[in-house]
Amino acid sequence: MTSDLVHFTTSGSTGTPVVWERTLDQLRLEGELMAKALQSRPDAVLTFADPAHLYGRIFGMEVPRILGVPTTQVESVLGPVVLPDAEHLLVVACPSTWKVLTSRMWARAGARLTIVHGAGPMPTSVDRVLDGFDVPPETTEVFGSTECGGVALRRVQAGVAPGPWRLVDDVDMLEPESGYGRLRVASQRIAHRVGQSPRADFLTEDLVERLDDRSFRHTGRRDRTLKIDGRRCDLEQVESMLGAALGADVACVPRPDDLRSWTYDVIVEGVVGDPTWVRGLVPVQPRSVELRETLPRTSRGKIDYAELAR
Amino acid sequence: MTSGIDTIEERLRACLSTVVGEQGRSIARDLSLRESLTSFDSLAAAEYISHVEGEFDVEIDFVIHDVRFRMSTIERGAEFVRELIEDGEALLS
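Residue numbers (numbering that gives the first Met the number 0), protein chains in the order written: chain A, 0 to 309; chain B, 0 to 92.
Wrong hints could be hidden among the right ones.
Stated by the list, open to error - Per the computed footprint, the stretches of chain A lying under chain B, defined by three or more beta-carbons under 8 Å from a beta-carbon of chain B, are:
1) 59-73
2) 94-107
3) 275-289
As the list claims (entries may be wrong) - Here are some chain B residues pointing at chain A (derived, C-beta under 7 Å):
4) 23
5) 30
6) 33
7) 34
8) 38
9) 46
10) 61
11) 83
12) 85
13) 87
Think of the hints as simulated: they come from the structure by calculation, not from any bench. Glycine included, every Cβ here is placed at the ideal spot set by N, Cα and C.
Turn these sequences into a full structure, and let the hints guide you.
Here is the structure:
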């Protein structure tokens, strides 16, 4: 493999961002694997994903290069969106892209669509959006990270419950060896931190149920880090920072969000006044800020997050 | 029944304040939301538009309706929503 390196940053809004290195060969390999995984061959790509992030780089640059097709980058979900002249178009989607996929523009253009989705969970509107097409687009969801690249894929169909994740061809699932546990994967495409040696495997923060050697079901995350607008936000750090600033107990409750993948609610105990000023203290805007006299507690006196999540 | 522009603007501000807090209620009607409001990026704008759809029971096409322009100020947004409401009423009559 060549030593030409490309950097990708896990852009944390809490804590120090981490820079990960990948070689050009790794990027080309990932592009080849993902191009192969597409069941059909589009003749143009329209990407809504930021090419500074790995997902956007792979599907917005590497895959089109391998397929020998042009790519058009959309800078904002608000547009402008100019459809390339193509009979079969690959749309590289993020959570917010699905607002644009409801547009009548697609029907007017008449192109066949293939959609790949990454950089966050599918929005709740997916079934409705796919049902709105005369011919439902072939839709694939990608599971991965800056550190590991694309790890697994699954097909998405309107009205059909999501199936298991299936590993990309060159990925091995080292852990869990059976049942439930943290996901550790091995492949030639694992990134390494700047200044550190290349690595062959990576232990993620994802919790999974191993179904067989090539598939798993995602059950949650070990840490309290959310990806909001593509930026990692450690809720524990936000709580600590706000708690120190306010001199009060603070709870941050994650909520799924159709546009940003995730968002969170901030609940502050024992502070009075207009809560909106708290927004100025946090690096990633929460969905809501609420002041309460008391936070629900468990029998051990800890904040009852399960109660808050209801 | 057609809603008055003032009422529509008031309701748009309520939608906007859901996303950006109290600054959404006080912004001048002709000022660019993108340039005047802190943290009002494209996703915040999309979120605002989603709230507007729910508030007025209208469907906004992000591409065909040129939302970047038509929802760029409170004033333009109110005019746009009024048109959508009237179009909907025309379909029903």
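When the least beta-carbon distance from residue 87 of chain B to chain A is tested against 7 Å, hint result: violated, 16 Å
Residue hint residue 46 of chain B, partner chain A, criterion CB-CB below 7 Å: Interface hint status for residue 46 of chain B: holds (6 Å vs cutoff 7 Å).
Hint check, residue 85 of chain B versus chain A [nearest Cβ-Cβ separation less than 7 Å]: violated, 19 Å
Per-residue hint verdict: residue 38 of chain B, partner chain A, C-beta under 7 Å: holds, 5 Å
Residue 34 of chain B as an interface hint toward chain A, with CB separation required under 7 Å: Not OK, violated: residue 34 of chain B not within 7 Å of chain A, min 14 Å.
Within 8 Å of chain B's CB atoms, at least three CB atoms from the region 59-73 of chain A: coverage verdict: That given contact is violated, which follows from only 0 residues of the region 59-73 of chain A lying within Cβ reach (below 8 Å) of chain B.
Restraint check, 7 Å cut-off on beta carbons, for residue 30 of chain B near chain A: Where the cut-off is 7 Å and the nearest Cβ of chain A is about 17 Å from residue 30 of chain B, the hint is violated.
Status of the residue 61 of chain B interface restraint (C-beta, 7 Å, chain A): For residue 61 of chain B, the interface hint holds, since the closest Cβ of chain A sits about 5 Å away, which is under 7 Å.
Given coverage of the region 275-289 of chain A by chain B, tested with a Cβ cutoff of 8 Å and a minimum of 3 residues: Check passed, 3 qualifying residues.
Annotated coverage of the region 94-107 of chain A by chain B, confirmed only when three residues or more have a Cβ within 8 Å: holds (count 7)
Residue 23 of chain B as an interface hint toward chain A, with CB separation required under 7 Å: Because about 10 Å separates residue 23 of chain B from the closest Cβ in chain A, which is outside the 7 Å limit, the hint is violated.
Per-residue hint verdict: residue 83 of chain B, partner chain A, C-beta under 7 Å: Constraint on residue 83 of chain B not satisfied, violated at 14 Å.
Hints 1, 4, 5, 6, 7, 11, 12 and 13 from the earlier list are contradicted by this structure; the remaining hints agree with it.
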